[in-house]
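Trainee: First to last, the protein sequences are chains C, Z and B.
The number in this note's numbering is simply the position in the first sequence, starting from 1, with 277 added.
The number in this note's numbering is simply the position in the second sequence, starting from 1, with 20 added.
The number in this note's numbering is simply the position in the third sequence, starting from 1, with 13 added.
Do not rely on the hints blindly, as some may be mistaken.
The calculated label-pair distances, taken between Cβ atoms and stated as ranges, are [as the list claims (entries may be wrong)]:
id: 1; chain 1: Z; residue 1: 100; chain 2: B; residue 2: 134; range: 18 to 24 Å
id: 2; chain 1: Z; residue 1: 318; chain 2: B; residue 2: 41; range: 38 to 44 Å
id: 3; chain 1: B; residue 1: 134; chain 2: Z; residue 2: 283; range: 52 to 58 Å
id: 4; chain 1: C; residue 1: 356; chain 2: B; residue 2: 287; range: 51 to 57 Å
id: 5; chain 1: Z; residue 1: 332; chain 2: C; residue 2: 559; range: 54 to 60 Å
id: 6; chain 1: Z; residue 1: 318; chain 2: C; residue 2: 413; range: 31 to 37 Å
id: 7; chain 1: Z; residue 1: 283; chain 2: C; residue 2: 587; range: 27 to 33 Å
id: 8; chain 1: Z; residue 1: 53; chain 2: C; residue 2: 315; range: 39 to 45 Å
Simulated from the structure, these hints should not be mistaken for lab results.
As the structure is a computational prediction, the values presented were derived from the model and not from experiment.
Positions of the beta carbon are idealized from the N, C-alpha and C atoms, including for glycine.
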Amino acid sequence: MDPMAQSLITVDALSVEYWTRKGKIRAVEDVSFALEKAETLGVVGESGSGKSTLGLSLIGLGPFPGRIVKGKITLKGKEILKLRKEDMRNLRGKEICYVFQDPMTSLNPVKKIGPHFVELIRTHDPKVTEEEALKRAKKLLKDVGIQPERINDYPHQLSGGMRQRVMIALAITLNPSIVVADEPTTALDVIVQAKILDLLNVLRDAYGMALILITHDLSIVLERSDEILVMYAGHVVEHSSSKDIYSNPQHPYTKGLLKSIPNIELAEQKLEAIAGSPPDLLNLPRGCRFWPRCYYVMERCRQEAPPLMNTGAEHFTRCFLYKEGKKL
Amino acid sequence: MLPIQRREKTVSQNDILKVEDLKKYFPVEKSFLEKMLTRSRSYVKAVDNVSFSVRKGEVFTLAGESGCGKTTTGRLIVRLIPPTSGKIFFENVEITALKGEALRVLKRRIQIIFQDPYASLNPRMKIGDAVGHPLEIHGLARNEEKRKRVLQILEHVGLTPSEKFVDLYPHQLSGGQRQRAAMARSLVLQPEFIVADEPVSMIDVSLRTAIIDLMLNLRKEFGLTYLFITHDLAIAKYISDRIAIMYLGKIVELGDKQTIFSNPMHPYTQALLSAIPVPNPERKRKTAELIGDVPSAINIPPGCRFRTRCEYAEEACKEKEPELIPVSPDHYVACDLAEK
Amino acid sequence: MKSKIKRSMLSKILPGLVSLEKRGLAGWLIIFGAILVGIIVAMNLISPWIAPYNPSAINVGQPLLPPNSQFRFGTNDLGQDVLSRVLSGGGIMLQVSILSVIVCLVVGVPLGLSSSYAGGVIDRVFCLIMDSIYAFPGLVLAIAIAAMLGRGVTNMALSIAVVYIPSYFRVIRSQVLSIKEMPYVEAANAAGSRSRTVLLRYILPNVVPSIVIVATVNFADAILTAAGLTFIGLGVSVDIPDWGWDLTNGQRLLPSGAWWVIAYPGLMIILLALGFTLIGEGLSELLNPRLEQ
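Construct the entire structure; sequences and hints are all you get.
Mentor: Shown next, in the form of C-alpha cells:
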C-alpha cells in the first residue's frame with residue numbers, strides 16, 4: 278500500500294522459529310506493522326508472546342538459535358533481512374538502536390562510561406578523535422539528565438536508573454531513526470520509570486526518532502504510545518491506535534487485560550482475571566491460540582486459526598467475533 | 021499458649037499486630053585495611069524507627085520503592101531476622117525475643133508468602149509433601165489426616181483437582197500455580213496473620229488478579245489479616261484498607277486508602293502517585309519533579325531524609341527529623357511543612 | 014559388535030536406559046561409561062572361570078614370551094600369563110576406589126553440610142583445614158599418608174579419601190551457601206522447621222547432584238591413585254593379581270623390550286578410569302542444564 282512505502286520501517290509477515298530439544302517453537306508468527314517518524318509503537322504481551330524475539334529481529338540480532346523463516350523488514354526502503362552481516366552491523370546503532378532490558382548487565386563493568394561512548398562513535402566513524410567523541414558523550418549525558426562529570430565513573434558507581442539513562446544516551450548517540458526499548462522500565466522504581474519514559478518522549482520529539490516500546494505493562498503503552506500491537510503466543514491479536522484500544526478493545530485478550538489492570542484514577546474497580554494459564558509454545562492448541570482462555574469461544578475457534586482482519590478505521594483484530602469491516 | 025509477658029494498655033483490642041520503634045541496621049562489611057584504619061562502623065539503616073499497628077482482618081500495605089525497608093520489615097515481623105532494637109507485639113503479647121518452643125508455636129500463627137514463585141518451592145519436593153510438611157513439623161497431623169488437609173487446602177487455593185497436584189513437582193507447574201502452592205503451604209497451619217511480600221510482581225499480568233482475588237477470598241473464609249508489601253501502588257489501591265508509604269527506612273505517610281490517594285500530603289507520596297502509569301491515553305500527566313537520586317542508606321542525610329529531593333525543602337528541614345503526626349484522625353504524615 | 018548387542022539387551026531390560034537415550038549426548042556418555050565399567054567389573058568377577066591360567070601361578074610358560082597363540086597377551090618375567098592377570102587384576106583397584114568413595118561420603122557430606130549451614134567460627138576452622146589439605150598435591154599427600162599407614166586395601170582407601178574429602182567439602186559448601194538463601198528454605202524456617210530437618214529435606218536433596226558428580230570423578234581418580242601407590246610399592250602384596258603391581262613390574266621390564274607386560278594392564282586402568290569419567294561427564298551434562306532452568 279502506498280502509505281507503507283513512505284514509512285520509516287515496515288515489517289511484513291515476519292515469522293521466527295526456534296528449535297529446542299523438545300520441539301519447534303513458533304515464537305513470532307505473521308507479524309506486520311509500519312512505523313513513521315516521531316511515532317511511538319507499543320508492543321505489549323506477556324511471557325511467551327514473542328515480543329522480545331520481535332524486537333531482537335528488528336536489529337538483526339535475533340534470534341539465536343532460531344531463524345527468521347519468513348517475512349521482510351524494510352528500513353528506510355532497504356530490506357534489512359537480506360543484508361550482509363557487515364552492512365547490518367553498520368546499520369545497527371546508526372539507524373536503529375536497541376536499549377536492553379537489564380541495565381545492570383548491559384554495560385561493561387570494567388569500562389568507564391566515557392569509553393563506552395568513544396568506542397561506539399569511533400566504530401562507526403574512525404575519523405572522529407577521542408576528544409571529540411568525549412565531548413559529544415558529555416552533551417548526551419546532559420541530555421538524559423546525568424551530570425557530565427560522571428563520564429569518568431564506572432557502571433557500578435551509578436544507580437540503576439542512571440545506568441538505564443546511560444543506555445538510552447548510548448542508543449541515541451548516532452542519531453538513529455528508530456530506538457527499540459525492551460522493557461526499559463521493569464528493573465526500575467516507579468518514579469525513575471516515569472522519568473525515563475518522559476525522557477524517551479522528549480528525545481523522540483527533539484530528534485524526530487521513532488520509538489518502539491516493548492513491555493508487558495499495558496498501562497505504560499496506553500499512556501505513552503500512539504499505536505499498540507497486542508501480542509499473544511507469537512501472534513498479533515490486536516493492532517490499533519492507543520485511543521482505539523482503550524475505548525474500543527476488540528480482542529477478548531485485550532479486553533481481559535484491560536479489565537485486569539488496576540487503574541488508580543478509578544474510584545471503585547472490580548478487577549477480573551483471565552482464565553487459564555500462559556500458552557505453552559511447544560503445545561499450541563489447534564485453531565485460535567487464545568481459545569482455551571477465551572470467554573467467547575465458539576466451535577469455529579477450536580478448529581480454525583483466525584486471520585488478522587481489518588475491522589474498520591485501521592483497527593486490526595484476530596478473532597472470529599469480527600469480520601472485515603465490522604463486528605458480528 | 022504463648023507465655024504472657026506484658027500487656028500494653030495503649031494497644032487497642034482490635035490490633036492483631038503492633039510494631040514499636042523497630043530498627044534493623046545491617047553492619048557494612050569492611051575490608052581488612054578499613055578495619056585497621058578506621059574505628060567507626062557504618063550501617064545500612066534498612067529499617068529506622070518504624071511504628072505502626074495492624075487491625076484484625078484488614079489488609080495493611082507497606083508501599084515504597086526498592087530499598088525503602090518494606091521487605092526487611094516484613095521479615096522482621098515473621099522473625100526470620102532479629103531486630104536491632106524495637107518491639108513487636110502479636111495479639112498484645114510481645115514476641116520480639118521469643119525463642120525455642122514458644123517461637124515455633126508462634127510460627128503457626130504468622131506466615132509469609134514470598135515474591136518469587138520459582139524459588140519458593142523446594143524443587144525436589146512434591147507439592148503434596150511441601151504443603152504437608154508444616155503439619156509434620158508441628159505434629160498436627162500425619163498420614164491420612166495430613167493428606168486430607170493437604171487436599172483440602174489445595175482445593176481452596178484453586179489447584180484442582182487436588183489429587184493431581186499433590187504428586188507433581190514444582191517445575192511441572194506454571195508461575196501462577198506455584199504461587200498458589202506456596203500460599204497453600206502458608207495456609208495449611210491455619211495462621212491468623214500473613215505477610216505477603218510482593219506476591220504478584222513476578223507473575224504474568226493476566227494472572228495477577230486471580231491471585232489477588234484469591235487472597236481476598238481467603239481472608240473472608242479464614243478470617244486472615246494481611247501485611248501486604250508492594251512497590252506497585254496501583255495494586256495497593258486495589259487490595260488495601262490502609263497504606264503506609266516508606267522511604268529510606270521510615271514511614272512518611274500512613275492512612276486509609278481513600279485518604280492517601282485523594283489527599284496525599286507528604287511530597288514523596290505526591291511524587292509517587294504522580295508517577296504511576298495510568299492506562300489512559302487521554303491522561304495529561306505531570307510527573308512531580310524529584311531532584312537527584314535516593315541517598316544511600318548508609319549515609320542518611322541529617323534532618324528530614326527526604327529533603328535532598330524535595331521541592332518544598334526549607335532550612336528548617338535540615339534541623340530535625342519530622343515525626344509521624346496525625347493531620348486528621350487516622351492520617352499520619354512525617355513532614356513539618358504538611359500544612360502546605 | 015559386543016557393545017551393540019549389550020546395548021539393545023539392556024534397553025529392553027532396563028526402561029531407565031531408554032529414557033537416558035532420549036537425553037542426547039549426556040545419555041550416551043553415561044551409557045557408554047556404564048557399559049565400559051560394567052564389562053570390566055563383570056570380567057573381574059567371572060575371571061576365575063574364564064582365565065586360561067591361574068593368574069598367580071608362576072612358570073606356566075616360558076618367561077617373557079611375546080603375545081602368541083598360547084599366551085594371548087604374553088608372559089611376564091615370572092612366567093605368569095599376562096592375559097589371566099589382566100582379567101583378574103582389577104579387584105584391588107575397584108575395592109580401593111569404592112571404599113574411598115564410601116569414606117568420603119560418610120565423612121565429607123555431613124561435614125560439608127553442617128559446617129556451611131552453621132557458619133561462624135566452626136565453619137571458618139573447617140574451611141581452613143580443608144583448604145590446607147586441598148592445597149597439597151593429591152598424589153604426594155596420598156603417598157605420605159599411605160607410607161604412614163602401611164600397606165593394604167583399607168589404608169590405600171583411607172589415604173585417597175583424606176585427599177578427596179576437601180573436594181566434597183568445597184562443592185557442598187558452595188551449593189549450601191546459595192541454597193541457604195533461597196525462599197523455600199526461608200519458608201521452611203518460617204514454618205518452624207528445625208535446622209536438622211531443613212538440612213536433610215530441603216538442602217541435601219538439592220545438593221545431591223553435585224555430590225554424585227564429585228563421586229564419579231573421585232572413582233576415576235582413586236583408581237589412578239591406587240595404581241600410583243602400588244607403582245611405588247605402597248600397595249598390596251605380590252601374590253594377588255593387580256594391575257598396579259603389573260605396572261611397576263612392567264616398567265622395570267620395558268628396557269628389555271617386553272612392552273606387553275605393562276601395556277595391557279595399563280590399558281585396563283585407563284579404560285576403567287575412562288568409564289567412570291564418562292559417567293561423570295554425562296551426569297554433569299544431564300544434571301547441570303536442568304539445574305540452570
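Trainee: Run every hint past the structure and note whether it holds.
Mentor: Outcome of the hint check:
Residue 100 (chain Z) and residue 134 (chain B) have their C-beta atoms about 23 Å apart, which keeps the hinted 18 to 24 Å range intact. At about 54 Å, the CB distance of residue 318 (chain Z) to residue 41 (chain B) disagrees with the hint of 38 to 44 Å. For residue 134 (chain B) and residue 283 (chain Z), the Cβ-Cβ distance of about 55 Å falls inside the hinted range of 52 to 58 Å, so the restraint holds. The hinted range of 51 to 57 Å is satisfied by residue 356 (chain C) and residue 287 (chain B), whose Cβ atoms lie roughly 53 Å apart.
About 56 Å separates the C-beta atoms of residue 332 (chain Z) and residue 559 (chain C), a value consistent with the hinted range of 54 to 60 Å. At roughly 35 Å, the beta carbons of residue 318 (chain Z) and residue 413 (chain C) sit within the given window of 31 to 37 Å. Taking the beta carbon of each, residue 283 (chain Z) and residue 587 (chain C) are about 47 Å apart, not inside 27 to 33 Å as hinted. A hinted range of 39 to 45 Å for the beta carbons of residue 53 (chain Z) and residue 315 (chain C) is inconsistent with their spacing of about 54 Å.
Figure legend: structure checked against the earlier numbered hints; hints not met, in rising order: 2, 7, 8.
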